[in-house]
Amino acid sequence: MIAAATEFMKLSVPWIGDRTAAAQSSTASLWRVLAACVLTLSWAALARGADVKPVAIAIHGGAGVIDRVHMTPEREASYRAGLAAALDAGYAVLERGGSSLDAVVTAVRVMEDDPQFNAGRGAVLTHQGVAELDAAVMDGEGPRAGAVASVRHVKNPIELARLVMERSPHVLLVGDGAEEFALEQRVVLVPNSYFRTERRVRELEQTLREEQEPRKPAAPAGPGTVGAVAIDRTGNLAAATSTGGLTNKQHGRVGDSPLIGAGTYANNESCAVSGTGQGEFFIRSVVAYDICALVQYKHLPLAAAVHEVIHNKLQRLGGEGGVIAVDGAGHIAMDFNSGGMFRAVRDSRGRREVAIYR
Amino acid sequence: MYAIAIHGGAGAVPRHALSSAREQQYRAGLETALDAGYAVLEHGGPSLDAVSAAVRVLEDDPLFNAGRGAALTRDGAAELDAAIMDGKQQRAGAVASVRHVKNPIELARRVMEKSRHVLLVGAGAEEFALEEGIVLVPNGYFRTPERQRQLESEQRGRPVSDLFPASPGTVGAVAVDQEGNLAAATSTGGMTNKRQGRVGDSPIIGAGTYAKNGVCAVSATGHGEYFIRSVAAYHICASVEYRGLTLEQAAREMLHVIIGGLGGSGGVIAVDKQGHIVMEFSTEGMLRGARDSLGRHEVAI
Numbered sequence: 001m002i003a004a005a006t007e008f009m010k011l012s013v014p015w016i017g018d019r020t021a022a023a024q025s026s027t028a029s030l031w032r033v034l035a036a037c038v039l040t041l042s043w044a045a046l047a048r049g050a051d052v053k054p055v056a057i058a059i060h061g062g063a064g065v066i067d068r069v070h071m072t073p074e075r076e077a078s079y080r081a082g083l084a085a086a087l088d089a090g091y092a093v094l095e096r097g098g099s100s101l102d103a104v105v106t107a108v109r110v111m112e113d114d115p116q117f118n119a120g121r122g123a124v125l126t127h128q129g130v131a132e133l134d135a136a137v138m139d140g141e142g143p144r145a146g147a148v149a150s151v152r153h154v155k156n157p158i159e160l161a162r163l164v165m166e167r168s169p170h171v172l173l174v175g176d177g178a179e180e181f182a183l184e185q186r187v188v189l190v191p192n193s194y195f196r197t198e199r200r201v202r203e204l205e206q207t208l209r210e211e212q213e214p215r216k217p218a219a220p221a222g223p224g225t226v227g228a229v230a231i232d233r234t235g236n237l238a239a240a241t242s243t244g245g246l247t248n249k250q251h252g253r254v255g256d257s258p259l260i261g262a263g264t265y266a267n268n269e270s271c272a273v274s275g276t277g278q279g280e281f282f283i284r285s286v287v288a289y290d291i292c293a294l295v296q297y298k299h300l301p302l303a304a305a306v307h308e309v310i311h312n313k314l315q316r317l318g319g320e321g322g323v324i325a326v327d328g329a330g331h332i333a334m335d336f337n338s339g340g341m342f343r344a345v346r347d348s349r350g351r352r353e354v355a356i357y358r
Numbered sequence: 359m360y361a362i363a364i365h366g367g368a369g370a371v372p373r374h375a376l377s378s379a380r381e382q383q384y385r386a387g388l389e390t391a392l393d394a395g396y397a398v399l400e401h402g403g404p405s406l407d408a409v410s411a412a413v414r415v416l417e418d419d420p421l422f423n424a425g426r427g428a429a430l431t432r433d434g435a436a437e438l439d440a441a442i443m444d445g446k447q448q449r450a451g452a453v454a455s456v457r458h459v460k461n462p463i464e465l466a467r468r469v470m471e472k473s474r475h476v477l478l479v480g481a482g483a484e485e486f487a488l489e490e491g492i493v494l495v496p497n498g499y500f501r502t503p504e505r506q507r508q509l510e511s512e513q514r515g516r517p518v519s520d521l522f523p524a525s526p527g528t529v530g531a532v533a534v535d536q537e538g539n540l541a542a543a544t545s546t547g548g549m550t551n552k553r554q555g556r557v558g559d560s561p562i563i564g565a566g567t568y569a570k571n572g573v574c575a576v577s578a579t580g581h582g583e584y585f586i587r588s589v590a591a592y593h594i595c596a597s598v599e600y601r602g603l604t605l606e607q608a609a610r611e612m613l614h615v616i617i618g619g620l621g622g623s624g625g626v627i628a629v630d631k632q633g634h635i636v637m638e639f640s641t642e643g644m645l646r647g648a649r650d651s652l653g654r655h656e657v658a659i
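Protein sequence lines correspond, in order, to chains A and B. Residue numbers are given in my numbering: position 319 of the first sequence equals residue 319, and the series is strictly consecutive. For any residue, its number in my numbering is found by taking its place in the second sequence, counting from 1, and adding 358.
Wrong hints could be hidden among the right ones.
Below, a list of computed lysine-lysine pairs in the DSS-like style, where the Cα atoms sit at most 25 Å apart [as the list claims (entries may be wrong)]: (1) B:K631 - A:K298; (2) A:K298 - B:K472; (3) A:K313 - B:K460; (4) A:K313 - B:K472.
Computed beta-carbon distance windows for the label pairs [unchecked claim]: (5) A:V190 - B:E471: 50 to 60 Å; (6) B:R654 - A:N192: 48 to 58 Å; (7) B:E381 - A:G129: 30 to 40 Å; (8) A:V69 - B:G498: 23 to 33 Å; (9) A:L189 - B:Q513: 21 to 31 Å; (10) B:G498 - A:N312: 42 to 52 Å.
Reference listing, derived: stretches of chain A covered by chain B, where coverage requires no fewer than 3 residues with Cβ under 8 Å from a Cβ of chain B [stated by the list, open to error]: (11) 81-90; (12) 162-175; (13) 282-294.
These are calculated hints, taken from the structure and not from any lab test. Note that the structure is a prediction, hence the values are computed from the model and not measured. Virtual Cβ for every residue (Gly too), placed ideally from N, Cα, C.
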């Protein structure tokens with residue numbers, strides 16, 4: 001009976017499971033379990049009601065010139081599978097009652113480890129042929145944030161960004177100093193070659209060749225920067241972004257991803273945003289924060305705020321890219337002014353999509 | 359109407375700890391920077407040149423925590439950050455964690471004008487400096503006996519504190535020129551005894567530095583981490599633009615409600631297109647100066 005009740009509770013309301021287990025191990029009182037069971041039933045009933053808080057996550061794998069002609073069905077399927085794996089990993093965290101912070105970090109980590117994306121392994125290479133990584137995470141509660149830039153030996157920059165947030169008094173650490181902190185936190189460093197893939201080496205070679213020639217239109221790009229935004233059951237928002245930046249970039253160039261307000265922002269009072277695109281324009285327009293400021297102070301619906309910033313303000317400056325965003329009501333916006341954006345969304349209302357083109 | 363405001367950092371500046379000779383030196387330093395910036399405006403120059411000129415003077419003055427006389431890291435080195443923003447086209451340039459660039463604000467401006475980028479950090483930023491023909495200086499150039507003493511005292515567990523510096527901190531300037539263009543610039547050595555690679559709000563566009571024509575230009579100083587989390591400089595401009603707050607209301611809310619609410623403190627200088635200057639701080643004092651074409655001319659601590 002006790003086992004059945006516990007099992008039932010875990011199935012119906014997953015986050016009850018831990019509490020019940022704790023109660024069981026301390027006193028194992030049948031009455032306590034029965035009381036919990038009754039509570040669980042009412043909670044389960046509530047959960048089916050309308051006032052349960054929705055959970056949702058959106059992710060992106062970069063925006064840019066995505067040429068259908070150069071996209072083979074195999075490659076497209078593989079990109080979609082990569083997005084779906086990250087989406088589901090992040091959603092699983094939310095579904096079992098985990099925090100939006102854990103969900104976005106989990107999703108980004110999966111994409112960092114997937115060599116298809118321009119973050120972690122498979123990051124694009126600098127002019128000198130090395131990977132230099134940037135990442136940021138922001139917790140809408142607080143709000144608090146952590147970021148790293150120009151790191152060369154950290155397997156999962158998003159994890160280090162989180163450690164900066166949680167274990168240091170700082171927000172942004174760069175270069176060798178960030179790696180010194182990583183070592184102090186017992187993060188194992190990897191050789192830079194870990195990040196390098198054959199494809200990125202070819203891309204760099206091609207870009208270097210093109211530099212010698214007159215300007216040609218940009219080569220068809222695959223997935224880029226990765227990011228995630230989420231809202232959890234308690235209504236907390238979070239955002240995370242990770243990138244290798246630009247192919248052939250100047251050593252030390254930092255884009256918008258690790259800059260709070262530019263490529264990454266979250267605040268429970270307004271929204272959570274992760275951006276991708278021409279980083280310099282995102283920095284100058286303070287894109288992520290501007291979207292949330294329009295939501296909070298001009299009372300624009302999330303989609304309208306995103307539209308205003310991406311299609312009007314950013315485009316006026318000449319910047320290209322896109323964002324994913326979520327607000328406190330669980331609305332998701334995914335918009336871009338480029339050819340396409342690798343993206344995916346999943347929520348507790350049953351929505352689950354993976355998309356690339358408009 | 360044209361105007362410029364500068365700051366030399368905010369913090370606890372206990373009057374009793376400040377000898378009158380010292381105070382005179384600070385005031386003279388602020389005065390020189392203010393006049394250098396104002397002279398540019400007076401000759402019809404752009405606000406961008408005015409804020410660069412003012413910040414450059416403060417970088418060269420060893421009393422201030424930027425350029426020569428910057429606070430030292432844990433390892434006893436100077437690591438400098440700077441940013442500049444031109445309100446006209448919302449162009450910006452910034453550098454962080456540079457160790458051998460005499461005037462980081464000049465390099466930030468080169469990043470804005472001569473590169474495709476906005477932010478360059480560390481050795482890569484210095485590589486760019488060399489490509490631009492900028493002469494690098496040894497790190498010892500920045501070190502002063504006073505900063506050395508502060509570092510030692512901090513490391514012995516007697517925080518002079520970076521956060522509430524006994525001596526002036528970050529420097530910055532904001533200006534509006536005769537054509538109504540806004541600009542902002544900020545430069546700093548960061549916190550005393552800081553960890554290598556720590557970057558504060560100064561070089562982050564939207565956090566410590568921001569300018570947009572028609573709205574406002576802001577330069578901040580204080581607990582950098584709180585200013586980053588609050589996107590402080592841009593928030594002030596957004597509050598003016600979206601909520602119709604006055605520059606003063608927006609700056610006060612940022613410092614006393616938002617940053618204060620997070621447990622931080624500091625100060626900001628800001629100017630709008632009408633040449634209206636705001637200099638607010640939630641600390642005991644802020645080294646500051648303002649001068650405009652209507653005759654206002656003040657330096658205060």
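Status of each hint after checking the structure:
The hinted pair formed by K631 of chain B and K298 of chain A meets the criterion: a straight-line CA distance of about 22 Å does not exceed 25 Å. Restraint check: the Cα-Cα separation between K298 of chain A and K472 of chain B comes to about 36 Å, which exceeds 25 Å; the hinted pair is violated. Distance hint between K313 of chain A and K460 of chain B is unfulfilled; the C-alpha atoms sit about 36 Å from each other, more than 25 Å. Restraint check: the Cα-Cα separation between K313 of chain A and K472 of chain B comes to about 24 Å, which is no more than 25 Å; the hinted pair holds.
A hinted range of 50 to 60 Å for the beta carbons of V190 of chain A and E471 of chain B is inconsistent with their spacing of about 37 Å. Between R654 of chain B and N192 of chain A the beta carbons are some 55 Å apart, a value that agrees with the proposed interval 48 to 58 Å. Hint check: E381 of chain B to G129 of chain A, Cβ distance near 54 Å, so the stated range 30 to 40 Å is violated. Distance hint check: the CB atoms of V69 of chain A and G498 of chain B are about 58 Å apart, inconsistent with the given range 23 to 33 Å.
Checked against the hint of 21 to 31 Å, the C-beta distance between L189 of chain A and Q513 of chain B comes to roughly 27 Å, which is consistent with it. Judged by the Cβ atoms, the range 42 to 52 Å given for G498 of chain B and N312 of chain A holds: they are separated by roughly 50 Å. Note: the stretch 81-90 of chain A has 0 residues with beta-carbon separation from chain B under 8 Å; the three-residue rule is not met and the coverage is violated. Closer than 8 Å: that is the beta-carbon criterion, and the stretch 162-175 of chain A has 8 residues meeting it against chain B, so the requirement of 3 holds.
Closer than 8 Å: that is the beta-carbon criterion, and the stretch 282-294 of chain A has 8 residues meeting it against chain B, so the requirement of 3 holds.
Of the numbered hints listed earlier, those contradicted by the structure are 2, 3, 5, 7, 8, 11.
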